[in-house]
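Engineer: Just so we're aligned: 127 in this note's numbering is position 130 of the sequence shown, and the numbers increase by one with no gaps anywhere.
Honestly, I wouldn't trust all of these hints.
Cβ-Cβ distance ranges computed for the label pairs, FRET-style [to be verified]:
1. Asp41 x Thr143: 46 to 54 Å
2. Asn156 x Glu29: 37 to 45 Å
3. Tyr27 x Glu92: 30 to 38 Å
No wet-lab data here; the hints were simulated from the structure. Backbone N, C-alpha and C fix where the C-beta goes; we use that ideal spot for every residue, glycine too.
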Amino acid sequence: MNVDETDLPGLGRRKDFMTASGRRIGVVEYREGQTELIVSTWDDPDTCQASVPLTADEAAALGNLLGGQRLAMQLSEAHREVPGIVTRQFSISAESPFQNQPMGKACIRTRSGVSIVAIMREGEVLPSPAPDVVLHPGDLLIAVGTQEGLDTAASILRNG
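When you get a sec, could you build the whole thing from the sequences and use the hints?
Structural biologist: In structure tokens form, the structure reads like this:
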């Protein structure tokens, strides 16, 4: 995938790429810190067809969703031949009793038999997170276990 990067003098930087369907999608990162998701015409990246301003939290959440989906798909493919093993993503909401708490406080492995294999945070992957990693709203946890265990883990993260 070829990502084009363009300096926007006095404004910031644009990063975009051409999709297989012929759309140009990207982001503009402004010097002041704002981020904007953009869709441009295939033949002219300066002609913006749509734009969505994103807060820092929204940009991080979008990065987590896109990156987490890819990571979960890769793990699912790796476990495809192992019967009974499933990969799932869990988002830490602002209502989670474990937000701003160390992951170990939830005792996910002990209570459900599920392993948290990675955390997606602000577009970054934290592989094999230790129990002392503090969970933040918007974190996307990538978990591996049985279907029953994953259902239990979801309930734990939601209700305590």
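Engineer: Hint by hint, say whether it matches the structure.
Structural biologist: These are the hints, each one checked on the structure:
1. A beta carbon spacing of about 51 Å between Asp41 and Thr143 agrees with the range 46 to 54 Å that was offered as a hint.
2. Between Asn156 and Glu29 the beta carbons are some 40 Å apart, a value that agrees with the proposed interval 37 to 45 Å.
3. Tyr27 and Glu92 have their C-beta atoms about 31 Å apart, which keeps the hinted 30 to 38 Å range intact.
Of the numbered hints listed earlier, not one is contradicted by the structure.
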